[in-house]
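Make the full structure from the sequences, and use the hints.
Chains A and B, in that order, are what the protein sequence lines are.
Just so you know, we're using my numbering here: the first sequence kicks off at 34 and counts up by one.
Just so you know, we're using my numbering here: the second sequence kicks off at 526 and counts up by one.
Keep in mind that the hints were calculated from the coordinates and are not lab data.
Any given hint could be a false lead.
What the hints assert, rightly or not - Simulated crosslink set (EDC-like; lysine to aspartate or glutamate; CA at most 16 Å straight-line):
id, chain 1, residue 1, chain 2, residue 2
1, B, Lys-567, B, Asp-548
2, B, Lys-549, A, Glu-838
3, B, Lys-540, A, Asp-873
4, B, Lys-549, A, Glu-535
5, A, Lys-313, A, Asp-41
6, B, Lys-567, A, Asp-358
7, A, Lys-749, A, Glu-305
8, A, Lys-272, A, Glu-305
9, A, Lys-336, A, Asp-873
10, A, Lys-768, A, Glu-359
11, B, Lys-560, A, Asp-643
12, A, Lys-777, A, Glu-761
13, A, Lys-313, A, Asp-438
14, B, Lys-540, A, Glu-838
15, B, Lys-549, A, Glu-532
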Amino acid sequence: MSLIEEIDFGTPRSKSETMVTLTIDGNQVTVPEGTSIMRAAMDAGHQIPKLCATDMVDAFGSCRLCLVEIEGRAGTPASCTTPVMPGLVVHTQTERLKKLRKGVMELYISDHPLDCLTCGANGDCELQDMAGAVGLRDVRYGYEGENHVFAKTDGCTNDHWMPKDESNPYFTYDPSKCIVCSRCVRACEEVQGTFALTISGRGFDSRVSPGMSESFLGSECVSCGACVQACPTATLTEKSVIEIGQPEHSVVTTCAYCGVGCAFKAEMRGEEVVRMVPYKDGKANRGHSCVKGRFAWGYTNHKERILNPMIRERIEDPWREVSWDEAFSFAAAKMRGIQTKYGRDAIGGITSSRCTNEETYLVQKLIRAGFGNNNVDTCARVCHSPTGYGLATTFGTSAGTQDFDSVEDTDVVVVIGANPASAHPVFASRLKKRLRQGAKLIVIDPRRTEMVESPHVKALHLPLMPGTNVAVMTALAHVIVTEGLVNEAFVRERCDWNEFEEWATFVAQPNNSPEATAILTGVDPKALREAARTYATGGNGAIYYGLGVTEHSQGSTTVIAIANLAMATGNIGRPGVGVNPLRGQNNVQGSCDMGSFPHELPGYRHISGDAVRDQFEALWNVKLNPEPGLRIPNMFDAAVEGTFMGIYVQGEDILQSDPNTSHVVAALSAMECVIVHDLFLNETANYAHVFLPGSSFLEKDGTFTNAERRIQRVRKVMTPKNGLADWEVTIGLAKAMGFEMNYKHPSEIMDEIAALTPTFAGVSYAKLDELGSVQWPCNEKAPEGTPVMHIDGFVRGKGKFVVTEYVATDERTGPRYPLLLTTGRILSQYNVGAQTRRTDNVVWHAEDRLEIHPHDAEQRGVRDGDWVRLKSRAGETTLRAEITDRVAPGVVYTTFHHPDTQANVITTDYSDWATNCPEYKVTAVQVSPSNGPSDWQKAYDAQARHSRRIAPAEAAE
Amino acid sequence: MSPDRLIYMANQIGKFFQSQGQDKAVPGIAEHIKKFWDPRMKRAIFAHLDAGGAGMEPNVREAIASLKQATALPTTP
Numbered sequence: 034m035s036l037i038e039e040i041d042f043g044t045p046r047s048k049s050e051t052m053v054t055l056t057i058d059g060n061q062v063t064v065p066e067g068t069s070i071m072r073a074a075m076d077a078g079h080q081i082p083k084l085c086a087t088d089m090v091d092a093f094g095s096c097r098l099c100l101v102e103i104e105g106r107a108g109t110p111a112s113c114t115t116p117v118m119p120g121l122v123v124h125t126q127t128e129r130l131k132k133l134r135k136g137v138m139e140l141y142i143s144d145h146p147l148d149c150l151t152c153g154a155n156g157d158c159e160l161q162d163m164a165g166a167v168g169l170r171d172v173r174y175g176y177e178g179e180n181h182v183f184a185k186t187d188g189c190t191n192d193h194w195m196p197k198d199e200s201n202p203y204f205t206y207d208p209s210k211c212i213v214c215s216r217c218v219r220a221c222e223e224v225q226g227t228f229a230l231t232i233s234g235r236g237f238d239s240r241v242s243p244g245m246s247e248s249f250l251g252s253e254c255v256s257c258g259a260c261v262q263a264c265p266t267a268t269l270t271e272k273s274v275i276e277i278g279q280p281e282h283s284v285v286t287t288c289a290y291c292g293v294g295c296a297f298k299a300e301m302r303g304e305e306v307v308r309m310v311p312y313k314d315g316k317a318n319r320g321h322s323c324v325k326g327r328f329a330w331g332y333t334n335h336k337e338r339i340l341n342p343m344i345r346e347r348i349e350d351p352w353r354e355v356s357w358d359e360a361f362s363f364a365a366a367k368m369r370g371i372q373t374k375y376g377r378d379a380i381g382g383i384t385s386s387r388c389t390n391e392e393t394y395l396v397q398k399l400i401r402a403g404f405g406n407n408n409v410d411t412c413a414r415v416c417h418s419p420t421g422y423g424l425a426t427t428f429g430t431s432a433g434t435q436d437f438d439s440v441e442d443t444d445v446v447v448v449i450g451a452n453p454a455s456a457h458p459v460f461a462s463r464l465k466k467r468l469r470q471g472a473k474l475i476v477i478d479p480r481r482t483e484m485v486e487s488p489h490v491k492a493l494h495l496p497l498m499p500g501t502n503v504a505v506m507t508a509l510a511h512v513i514v515t516e517g518l519v520n521e522a523f524v525r526e527r528c529d530w531n532e533f534e535e536w537a538t539f540v541a542q543p544n545n546s547p548e549a550t551a552i553l554t555g556v557d558p559k560a561l562r563e564a565a566r567t568y569a570t571g572g573n574g575a576i577y578y579g580l581g582v583t584e585h586s587q588g589s590t591t592v593i594a595i596a597n598l599a600m601a602t603g604n605i606g607r608p609g610v611g612v613n614p615l616r617g618q619n620n621v622q623g624s625c626d627m628g629s630f631p632h633e634l635p636g637y638r639h640i641s642g643d644a645v646r647d648q649f650e651a652l653w654n655v656k657l658n659p660e661p662g663l664r665i666p667n668m669f670d671a672a673v674e675g676t677f678m679g680i681y682v683q684g685e686d687i688l689q690s691d692p693n694t695s696h697v698v699a700a701l702s703a704m705e706c707v708i709v710h711d712l713f714l715n716e717t718a719n720y721a722h723v724f725l726p727g728s729s730f731l732e733k734d735g736t737f738t739n740a741e742r743r744i745q746r747v748r749k750v751m752t753p754k755n756g757l758a759d760w761e762v763t764i765g766l767a768k769a770m771g772f773e774m775n776y777k778h779p780s781e782i783m784d785e786i787a788a789l790t791p792t793f794a795g796v797s798y799a800k801l802d803e804l805g806s807v808q809w810p811c812n813e814k815a816p817e818g819t820p821v822m823h824i825d826g827f828v829r830g831k832g833k834f835v836v837t838e839y840v841a842t843d844e845r846t847g848p849r850y851p852l853l854l855t856t857g858r859i860l861s862q863y864n865v866g867a868q869t870r871r872t873d874n875v876v877w878h879a880e881d882r883l884e885i886h887p888h889d890a891e892q893r894g895v896r897d898g899d900w901v902r903l904k905s906r907a908g909e910t911t912l913r914a915e916i917t918d919r920v921a922p923g924v925v926y927t928t929f930h931h932p933d934t935q936a937n938v939i940t941t942d943y944s945d946w947a948t949n950c951p952e953y954k955v956t957a958v959q960v961s962p963s964n965g966p967s968d969w970q971k972a973y974d975a976q977a978r979h980s981r982r983i984a985p986a987e988a989a990e
Numbered sequence: 526m527s528p529d530r531l532i533y534m535a536n537q538i539g540k541f542f543q544s545q546g547q548d549k550a551v552p553g554i555a556e557h558i559k560k561f562w563d564p565r566m567k568r569a570i571f572a573h574l575d576a577g578g579a580g581m582e583p584n585v586r587e588a589i590a591s592l593k594q595a596t597a598l599p600t601t602p
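Listed below in structure tokens is the structure:
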């Protein structure tokens, strides 16, 4: 193994299909039109010296090192900014060029520290490389003149010198090493789209400046790491590199945070991670990253991580550390005992959307084949289960239709109930890049999110009241139908015409017009009409949506309404269009694909189908139960009722993430055996009897499937600190329960998945190694996978229009609960925060805050930063207020990243009609000033502290 | 399981299918419950129907009755 060196071509790839041939250093080179001479030379294997050029950003032409000579042209043009032309004859190394380059390097080095041996970038410094490349042996100007290097010159303070900025927890800015190449500034603009950096001053005074000469932490910087990656010197360097040194080998793997699924190089020294660097060939992220994947991996070594299995009889007892075997047999005896006492269906499990496909597959296999029932569910229940239902009903597949590259061909983007800038940041950057090129953006969201207004991006914002998605979608459809904007040719060819006509008649009813529904939705009818026209007629229209769509009592209906819109306008089946759910967790798509839903075997096939069951029964050698099992909320109800008494939860904190915490507490307390398999003693573990320590994504092999259906490898870079990878733990538990599963490596599990799942038939580790990744369906028809679905027709045959009538949620505001609470996420934290709270990301978000409009705050006497009590019919908690007009009057907003706030104490039992996905996004609440934690918070904290005690090990004899 | 919760869920399903007309609504509701409810939930709603079916919308009641007739559920395992 060695360090994976990616070639830097200096300037971005040209997409042109016209080819141009020229001669560089005597070699004929053929490249796409629009390619720079620098890139063409690199293609031919000739590296032209460069400093300000890198292929992640456009050419800039400032360093004057990449000069070339072109026959018949005067002067020495910069090869990065000079495009190729047919027949050019280029020389990259001549006496004249050598002299010029050496002179340029002399100037650079005369104002640069010569501490190479102790420098953080030693061994990975382009300035050092270029000094070597041009044969710099001497600096005629000396080092004593005006400079940015020394704090003092001749005993006097040097005004040009600036101290290091160590404010960002993950990287250092050392201005004394800066060569002002602007790569960081351009990466922040072009790649990330934040525009946090600039060059202040002119000439010798030019400095990289975060914001208005602020600290990095104090500026708009979102810590994505693009600038650090772009920096050719030690000016911007990861603190981990400064501390540990340069990595010696690297392994390509997949980020374990959100559903974007960024590919990273884990750069290692032995078994120690030095840094995670986004991988240019990663097809989801194309070399970009966010603060979580790039930097927030320190949780894997956090002191609170549990490394030994633990058991206890009662949750009031302290934990007792035991061997794996003892933990397995204790758990197995409890679970089998429950089945004997309460029946076969009295136990079940939850697969993890953070674990690999292989691990998820094994957990559902254990439940279906080992437990003998179908009581298996996954966290998708509480996020995107309506997507599965809605898209399967209308299109015939339970997944998004595009790849992320598709956004580059989009003309109109509609973002509904999603805030990619916070929750899917790398996709947001790719989207913003397209928007800066001129694509239009429509945002449908109760809040004015970061997507609505960002540098050079202005969206048409439809701020709707929470809970009125269906009314808004149907009103959009009303405009499209009544104004004659339907793509009739598409509908006639691809969809069921009768169903379309029924639907069109329904949406055309006057009571569905924007004007008639405005009273419910709060959306300006004019703006809504403009949005509908833009989407229907503005070219390629693509819809991206998130949990603001699904987590409602009409979540599935909204997904169907979105699919209806895409079909009616013909925005499906080619690059640039489509319906794209932004999936939350890294492998939530995969966990659904792998048969984590109680009614479906892997590949979304209903458990009642005899032919499908036969296949699995033959290979697994068991009889399967043909009846669907319990979904998560049903499990809780059944537990309280006393018919569901044992659960195995892998990598999911149901207590913190599921709604109506008091109800979840009641359910977990009623159970006789709760097995938690996780990295940390999470909130659910406070009610657990068995704790099986988990392994991180760095410690195991497997695959994740991202929101684009892309299957990517997760590669082990270190030995599991807890001793076993998660798939091995499930096998151990299964064995103790008398169900043998024999696999030596996760690749064998994938082979079984491929054998049983038609959409995965062509997937193998060998293929993933060869192609890097594939998007399912991957089978005989599509051996290299399927980037865009439904190209020549829908998977189900004809596209199905379904009438979507708006039904108001039963969660209503009234005199006692006059405000609507909606919940969401923030960039630096992830889900319940179990991982990100155990990293330095807490500097950005140390607590959940309640966003409240100034008008509502004033009425209640609440000032910014005050503690407030947030109360709903389900419960109450306290947190601090943040006064902002991002939310409309009547709406309040918070995140759910911190267990001491427990936003889900407030949320209710209401759920999606089709899938029981909880209605997190609408809760009627009251807000009032508060003096401190609620009684519930105090009791919760006391119980948690009591429950987390671990008995000291007994002294050896 | 608590019939109240199941009645609420069944009526909620009923509301989605309502706009499709009774011809489609009744089989639609029945099929949905057949596909997504676990046997103990089905047993409980059938028992509630036998006990008079209070609180169920007419379409839902009809759907549950038709589903009950077509289903041979295993008794408590």
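Taking the hints in turn, this is what the structure says about them:
1. As the CA atoms of B/Lys-567 and B/Asp-548 are separated by approximately 22 Å, the hinted pair breaks the 16 Å bound.
2. A C-alpha spacing of about 15 Å is found between B/Lys-549 and A/Glu-838, which places the hinted pair at or below 16 Å, so the restraint holds.
3. In summary, the hint linking B/Lys-540 to A/Asp-873 is not supported, as the alpha carbons are separated by about 48 Å, beyond the 16 Å threshold.
4. Using a Cα cut-off of 16 Å, the hinted pair B/Lys-549 and A/Glu-535 holds, with the two alpha carbons roughly 13 Å apart.
5. Only pairs whose Cα atoms come within 16 Å are accepted, and A/Lys-313 paired with A/Asp-41 is accepted, the gap being roughly 10 Å.
6. The suggested pairing of B/Lys-567 with A/Asp-358 is violated, with an alpha-carbon distance near 39 Å, which exceeds 16 Å.
7. Distance restraint check for A/Lys-749 and A/Glu-305: the Cα-Cα separation of roughly 12 Å lies within the 16 Å cut-off, and the hinted pair is therefore satisfied.
8. For the hint linking A/Lys-272 to A/Glu-305, the alpha-carbon distance of about 14 Å falls within 16 Å, and the restraint holds.
9. At roughly 14 Å between alpha-carbon atoms, A/Lys-336 and A/Asp-873 fall within 16 Å of each other, so this suggested pair holds.
10. Between A/Lys-768 and A/Glu-359 the CA atoms are separated by roughly 13 Å; this keeps the pair inside 16 Å, and the hint holds.
11. At most 16 Å may separate the alpha-carbon atoms for a hinted pair to count; B/Lys-560 and A/Asp-643 meet this at roughly 14 Å.
12. Between A/Lys-777 and A/Glu-761 the CA atoms are separated by roughly 9 Å; this keeps the pair inside 16 Å, and the hint holds.
13. Using a Cα cut-off of 16 Å, the hinted pair A/Lys-313 and A/Asp-438 holds, with the two alpha carbons roughly 14 Å apart.
14. A distance of roughly 9 Å separates the Cα atoms of B/Lys-540 and A/Glu-838; the hinted pair therefore holds under the 16 Å criterion.
15. Taking the CA atoms of B/Lys-549 and A/Glu-532, the gap is about 12 Å. The hint holds against a cut of 16 Å.
Violated hints, listed in ascending order, are 1, 3 and 6; each of the other numbered hints is respected by the structure.
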